[in-house]
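2 protein chains.
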Amino acid sequence: MKLASLKQGRDGRLIVVSDDLSTYVDASAIAPTLQAALDDWSVIEPKLKALADDLATGAVASQPLDAAALAAPLPRAYQWADGSAYVNHVELVRQARGAELPDSFWHDPLVYQGGSDRFLGPRDAIPLADESWGCDMEAEVVVVTGDVPQGVSPEEARGLIRLVGLVNDVSLRNLIPGELAKGFGFYQSKPASALSPVFVTPDTLGDRWQDGKLHGALNVDLNGHPFGRADAGVDMTFDFGTLIAHLAKTRSLGAGTIVGSGTVSNRDADGGPGRPVADGGLGYSCIAELRMVETIRDGAPATPFLKYGDTVRIWMEDDNGHAIFGTIDQKVEAI
Amino acid sequence: MKLASLKQGRDGRLIVVSDDLSTYVDASAIAPTLQAALDDWSVIEPKLKALADDLATGAVASQPLDAAALAAPLPRAYQWADGSAYVNHVELVRQARGAELPDSFWHDPLVYQGGSDRFLGPRDAIPLADESWGCDMEAEVVVVTGDVPQGVSPEEARGLIRLVGLVNDVSLRNLIPGELAKGFGFYQSKPASALSPVFVTPDTLGDRWQDGKLHGALNVDLNGHPFGRADAGVDMTFDFGTLIAHLAKTRSLGAGTIVGSGTVSNRDADGGPGRPVADGGLGYSCIAELRMVETIRDGAPATPFLKYGDTVRIWMEDDNGHAIFGTIDQKVEAI
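Protein sequences, first through last, are from chains H and Z. First residue of the first sequence? That's 1476 in this note's numbering, and the numbers climb one at a time after it. First residue of the second sequence? That's 1476 in this note's numbering, and the numbers climb one at a time after it.
Derived by calculation from the structure, the hints in this document are not laboratory data. No experiment lies behind these values; they were computed from the predicted model shown. Any given hint might turn out to be false.
For chains that are exact copies, the list does not tell them apart, and a pair is met inside one copy or across any two.
Here are the simulated BS3-like cross-link-like pairs (lysine-lysine), alpha carbons at most 27 Å apart as the crow flies [what the hints assert, rightly or not]:
1. K1724 with K1806
2. K1724 with K1782
3. K1724 with K1657
4. K1524 with K1482
5. K1724 with K1482
6. K1724 with K1522
7. K1782 with K1688
8. K1688 with K1657
9. K1806 with K1524
Okay, chain H solo, but in the shape it has when bound (with noise of 0.2 Å):
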């Protein structure tokens, strides 16, 4: 079952879309919007699966879709916690400022609170205000959770996965090194992200969805060149259900919790970073990674960060080669 949120008010409309994302039905009858139906899953869920099945045999009226009229399939949710399950980037970043990876985080997950009161939609722009703030895109895939209660383990945590999606992770990364140094993470340098045109079932995903990770390349492209085509099942270290436990080890996770892979990345065939795709490599999923590589290389970083006018496209597609999870083709606008 794929489901979305029109444009409407501050949470959306619901809406179930066909497989295909040709089409959809409105679903606000049966909860108007999609946190709504988080909220009360085991009595909604049912209702929306006999809904996609009419959809999908043509017993129920529907109309075509337009990504451009989608919101984020939540607009804003109560808790937006991001991983960094991709070791391999993170040994990159340190790598990049000749710092030594700590065994640790090869054990224990790193995660940190993003702000979720606004998410943007799939068609959205990428609103900057500032070029010199180092603006980057970073492709990940997202579960959504129900309630997840504390203390929760791995395997129940895999369980409680409502949802499966893609998101575009903006950050500034000049505003990171300040940031950071204060010593309490992220704030100013994580603005608004975005999410996939539509979050799916984890059973909707067939062998894609095995042991908590989601399998298949992650594409990305930047001003419509192909920047990224890493394996978001390949180099995870933590699966989604070990980041969940480990959010959960202090406190419960309220239903419609969105939980970020971080940003996906695959070693090369030859166990280095990855090289661009060009080169015949696997790319990269934000324009850091690559330009660690290039320091590691030459000594700097060439590829600059997102100008006003690029543009970043981010999706899977299934085996007949259609968008999974719809596409996120955002544009960078000075605002």
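Assemble chain Z onto chain H, guided by the hints.
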């Protein structure tokens, strides 16, 4: 005007409370929840104020208020951003571990993104799985904003403060060093916080609300004994307008964003760290601060963190000795 939420469902049921907190009237016909009121404040606030006037004059039937029936005014929120506006507190933290306070800390606010998917009610237990985590209270002032545009000035931001209240920002002190060492800020070390019984509009506060600061003694009792009497309007380096402007530098803030002051902390009359209330000082708003003073004075902390069965009370009184925001009154319980 004083607003609160009766325990009901995930978001509570909005009520208007009398100035002395003795009675209330249901306001859910005007807006079902406080978040719904904040989402449409310009339309809803006048209606709530009219109801508050009717409550004050007896023109509407009221019911006796039982604080135990109250949820947090916002049982869940879309954002909880906590500052460290009392730099005296930050300086003590540093001093206790022999670190210098960078001069920038006096000019550049320190904030972190906290978890907002669950706030405890004012009489709810503090649920603690492990005493060795070093559970501590932190008595703070909070404000709730309307929609805040990106790039707002401190002066404009002050005009976007809708409500004022108190919080017990529960912290797990012994988890903080390891978590901050990882570089991404707090997560496991900051479980759910408790909010005061009522939130009030700034106009209700009279002279106590000036220049974006709440003035008056913030009372903290630990196990029935006076622990803190620091004035929230003193030694607050960054007023709430400045904190909000800092938060909104790179993004907008959604209506219902809760912004915290950080632990209230006053210097002693001689300019040094505060003395305990029993010694004639203004005491502390968290145990950690007393432990830092003990460390600076005696070489080691003596006061333990919270244990099962310990009680914490936090309140601020008006000129008549009434608790303006009601009283946060919690017991630490094993879960």
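Can you tell me if K1724 and K1657 fall within 27 Å by alpha carbon in one copy, between copies, both or neither? both (25 Å within a copy, 17 Å between copies)
Classify it for me, K1782 with K1688: is the Cα-Cα distance of at most 27 Å met within a copy, between copies, both or neither? Close neither inside one copy (33 Å) nor across copies (39 Å); limit 27 Å.
With 27 Å as the alpha-carbon cut-off, assign the pair K1688 and K1657 to within, between, both or neither. between (33 Å within a copy, 24 Å between copies)
What label fits K1724 with K1806 when the C-alpha limit is 27 Å: within, between, both, or neither? between (38 Å within a copy, 20 Å between copies)
When Cα atoms must be at most 27 Å apart, do K1724 and K1522 count as within-copy, between-copy, both, or neither? Answer is neither: 33 Å inside a copy and 43 Å across each miss the 27 Å cutoff.
Checking an output row: K1724 and K1782, CA cutoff 27 Å. Within, between, both or neither? between (40 Å within a copy, 19 Å between copies)
Could you figure out if K1524 and K1482 sit no more than 27 Å apart (CA to CA) within one copy, between two copies, both or neither? within (22 Å within a copy, 31 Å between copies)
Please work out whether the CA atoms of K1806 and K1524 approach to 27 Å or closer within one copy, between two copies, in both situations, or in neither? The answer is neither: 34 Å in one copy and 44 Å across copies each exceed 27 Å.
Can you give me the call for K1724 and K1482, within, between, both or neither, at a CA distance of at most 27 Å? between (35 Å within a copy, 26 Å between copies)
Taken one by one, the earlier hints fail for this structure at numbers 6, 7 and 9, listed in ascending order.
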